[in-house]
Amino acid sequence: MISGAEIVIRCLQEEKVDCVFGYPGGSVLHIYDALFKQDEVKHVLVRHEQAAVHAADAYSRSSQKVGVALVTSGPGVTNTVTGIATAYMDSIPMVVLCGQVPTQYIGQDAFQECDTVGITRPCVKHNFLVKDVKDLAITIKKAFHIAATGRPGPVVVDIPKDITAQMCDFDYPKTIQMRSYNPVVKGHLGQIKKAVQVLQEAKRPIIYTGGGVILSDAADKLTQLARKLDFPVTNTLMGLGGYPATDRQFVGMLGMHGTFEANNAMHYADVILAVGARFDDRVIGNPEHFSGEKRRVIHIDIDPSSISKRVKVDVPIVGNVADVLDEMLKLLDGGFKADPEVSDWWKQIDAWRGRNSLAYRQSNHIMPQYVVEKLYEVTGGDAFITSDVGQHQMFAAQYYKFDKPRRWINSGGLGTMGVGLPYGMGVLMANPNAQVACVTGEGSIQMCIQEMSTCKQYGLPVKIINLNNGMLGMVRQWQEMFYSKRYSQSYVTSLPDFVKLAEAYGHVGMRIEKPEDVEPALRKAFTEHKDDLVFMDFIIDPGANVFPMVAAGKGLTEMILAEDL
Amino acid sequence: MRHIISILIENEAGALSRVAGLFSARGYNIESLTVAPTEDPSLSRMTILTWGSDEVLEQINKQLNKLVDVVKVVDLSEAAHVERELMLIKVRATGKDREEMKRMADIFRGRIIDVTESTYVIELTGASSKLDSFIAGLDAGLILETVRTGVCGIGRGDRILKV
Ligand SMILES: Cc1cc2nc3c(=O)[nH]c(=O)nc-3n(C[C@H](O)[C@H](O)[C@H](O)COP(=O)(O)OP(=O)(O)OC[C@H]3O[C@@H](n4cnc5c(N)ncnc54)[C@H](O)[C@@H]3O)c2cc1C
Ligand SMILES: Cc1ncc(C[n+]2csc(CCOP(=O)(O)OP(=O)(O)O)c2C)c(N)n1
Ligand SMILES: [Mg+2]
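Just so you know, the protein sequences line up as chains A and B, in that order.
Note that our numbering gives residue 189 to position 189 of the first sequence, counting from 1, and the numbers run on in steps of one.
Note that our numbering gives residue 1021 to position 21 of the second sequence, counting from 1, and the numbers run on in steps of one.
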């Protein structure tokens, strides 16, 4: 017999978890003690529980593994909520283990008690309160199973302290059956055949793909399919890297800050093949405007509730992207003949491309777009790029051409400022020798800046690319355009000296103020300071805005372009 | 349109709050909700009376199915079914009203299950509309208290909801 705390650790070992992000406290002391007595599972001590969850989330996004966080009851748990909600919105598999007050104290407003299951319920895929040590191992097994299968998501396991002290036999089930949980994997063959038929008839097709392709590890299959069809491909923000961005068939990201060609191609397509993408409101613009065009929609998604939620779907296919694409590829093996009119469609798309909607004006200041372009060059297009939320996030998405999946790590659904640095930590724990850059802003970086300390302790050489405009730039852009330049609370005064701050934490700091210094500084950071965390404070043009832009309430084709201004 | 959703759900602590939370978080309507364990005590059967457009009902159905504790969901109102609701209603029963109350209960096939000098408790089951008409048929000033269970329903004939 072993203790509940040891059971927790044994479960993690059985799940091949090599790293847990966490922060100790009273209710998890037994678990931390069990952790101390072994060395299979490493632990990264963060400086704030929010960062533990973000790091576990990025560990998962940048690998195929389930990220794990471990926190104490009460404030430990409440600090994780933003991180859990962030992972939930982007369907990221994750297990969060939380301490709870001893069973007999639950409900008595005990010290550091909170209703963990109640607080997290709306932002988890599922959660459990373990009430008996005999259920502990099977509950953790279920948690990993639920997190990683079907539409992935975070699962919380709340473990009262007394349970971690009780003794029990350890038996970890190899597999698990749940009568109430059986996600569909294979798509319906009849529907897939119908889809192929519709693709044959398409005259103005588009392949629109999202996070589901990344989550399903189906980028290769998608690429094969797209090549076979020779149709244009667009990605959502979450889908970037699912199809090589440098490929001729790629028309760029679509949506609020999508390219002119992607948004027009999406809007005027007569057939949309949607793959693991959920027709988000940032993607289709005004839904009435979008439904103004007649088209047929094929939608592959593992979650039936994503289908026909916001856009009426003609050929729904419920299933795992990788499995469904396999079937499609088999059906297409006999040869595919696209409608001859598709070549006219390509001409139209090339004309839209000719607008060069991502062109931007240089100025005496450093332009943020330019920094990202140089970052792309210096890293050979092969870095993991994490980002925070704001203009810098959009610039990173637009100008860093992701050719591989799981390289673009950002918060799309919840849009959580502060994720960038902990995301960098999670990526590095999962991919120890990778180049990792965190593209951020002076607003966002300050939301989890304390993690520079964690990076020092564990030697995590994130390159922080701070696109410092002295503004909550994304907010300022909206105020400039829609609130007659009333810049209410979007100007960040009293910024710290980021160079000194980095140095205070024991890292390297650089301030870059001139365009000609951008590239040399980046080279230096990625060569000479390869193994250091480098805080690169780029003082950028404070007036730079993100274009194209589909304003709130506007149709997808009603974009504001940089050239209009 | 009015729909009756029947759900088989794991009889776990918190399962009810997952369903109730889903409805409030997504802005779906709940007119009534009843729940109790089935003949298999590990399962509960829940009946929800809701309304909404076809699109909303499609989402309700899909979102309920997504809950990990939910085993099965059917929309009873899609085919032949029977539905019942139980009401206990306490009324003032004095003087000439005493006789009148008894008569009303008989007409609606209700039963008087508690009697004092001045009150009756009447038990009435039936379709919700029948309970509504009973209430409408009484002098409002005589109604002291009503308690209704909310609708529960079951498919007719071979339509069976079971794991
Ligand atoms: C400042 C800001 C600006 C933004 N601007 C844009 C923008 O211009 N353009 C844009 O696209 N987004 C933008 N977003 C992001 C946007 O909010 C959404 O997060 C994003 O569009 C959703 O991407 P997605 O449709 O790929 O869905 P995801 O959230 O990635 O969902 C994945 C879908 O795939 C399904 N799925 C998961 N796994 C599988 C599997 N194995 N098999 C099959 N299906 C699966 C899921 O059920 C789900 O439906 C912005 C966000 C921010 C913060
Ligand atoms: C936690 C959180 N609070 C508020 C917001 C709203 N918000 C979105 S972008 C933004 C400004 C971000 O500023 P900065 O990090 O400097 O990036 P910039 O837009 O200037 O590049 C704000 C406040 C958010 N997304 N997340
Ligand atoms: Mg800024």
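Simulated from the structure, these hints should not be mistaken for laboratory data.
Mixed in with the good hints there might be a few duds.
Below, in silico cross-link-like pairs of lysine to aspartate or glutamate (DMTMM-like), each with a Cα-Cα straight-line distance of 20 Å or less [as the list claims (entries may be wrong)]:
id, chain 1, residue 1, chain 2, residue 2
1, A, K194, A, D323
2, A, K347, A, D247
3, A, K456, A, D382
4, A, K312, B, D1054
5, A, K309, B, E1012
6, A, K131, B, E1010
7, A, K500, A, D531
8, A, K312, B, E1010
9, A, K309, B, E1010
10, A, K65, A, D247
11, A, K312, A, D280
12, A, K65, A, E40
13, A, K141, B, E1099
14, B, K1062, A, D247
15, A, K142, B, E1012
16, A, K309, B, E1083
17, A, K131, A, D162
18, A, K42, A, E14
Simulated coverage check for chain B against chain A, where a stretch passes if three residues somewhere in it have a Cβ under 8 Å from a Cβ of chain A [as the list claims (entries may be wrong)]:
id, stretch
19, 1057-1067
20, 1087-1095
Partner residues are not named here, just some residues of chain A that face chain B (Cβ under 7 Å, in silico) [said to hold, decoys possible]:
id, residue
21, R121
22, Y181
23, S305
24, R310
25, V313
26, P316
Where is the CB? At the ideal position from N, CA and C, for every residue including glycine.
Below or equal to 20 Å on CA atoms is what counts here, so check K312 (chain A) against D280 (chain A).
-> holds, 13 Å
Hey, K65 (chain A) versus E40 (chain A), does the alpha-carbon distance stay inside 20 Å?
-> holds, 16 Å
Holds or violated: is the Cβ of Y181 (chain A) closer than 7 Å to a Cβ in chain B?
-> holds, 5 Å
Agreement of K309 (chain A) and E1012 (chain B) with the hint, judged by alpha carbon distance not exceeding 20 Å | violated, 29 Å
Restraint check for K456 (chain A) with D382 (chain A), where alpha carbons must lie at most 20 Å apart = violated, 24 Å
Is the hinted pair K42 (chain A) and E14 (chain A) satisfied, with a Cα-Cα distance of at most 20 Å?
-> holds, 14 Å
Taken at face value, is the distance from the CA of E1010 (chain B) to the CA of K131 (chain A) at most 20 Å?
-> Distance of about 16 Å is within 20 Å: holds.
If you take the shortest Cβ to Cβ gap from V313 (chain A) to chain B, is it below 7 Å?
-> Hint violated; V313 (chain A) Cβ to chain B Cβ min 11 Å, cut 7 Å.
Given pair status - D323 (chain A), K194 (chain A), alpha carbons within 20 Å = Holds: K194 (chain A) and D323 (chain A) sit about 16 Å apart, inside 20 Å.
For the hint on S305 (chain A), just tell me whether its beta-carbon gets within less than 7 Å of chain B.
-> holds, 4 Å
Could you grab the alpha-carbon distance between K312 (chain A) and D1054 (chain B) and see if it respects the 20 Å cut-off?
-> holds, 12 Å
Does the structure keep K131 (chain A) and D162 (chain A) at a Cα separation of 20 Å or less?
-> Holds, at about 10 Å.
The earlier numbered hints that this structure contradicts are 3, 5, 8, 9, 10, 13, 14, 16, 20, 24, 25, 26.
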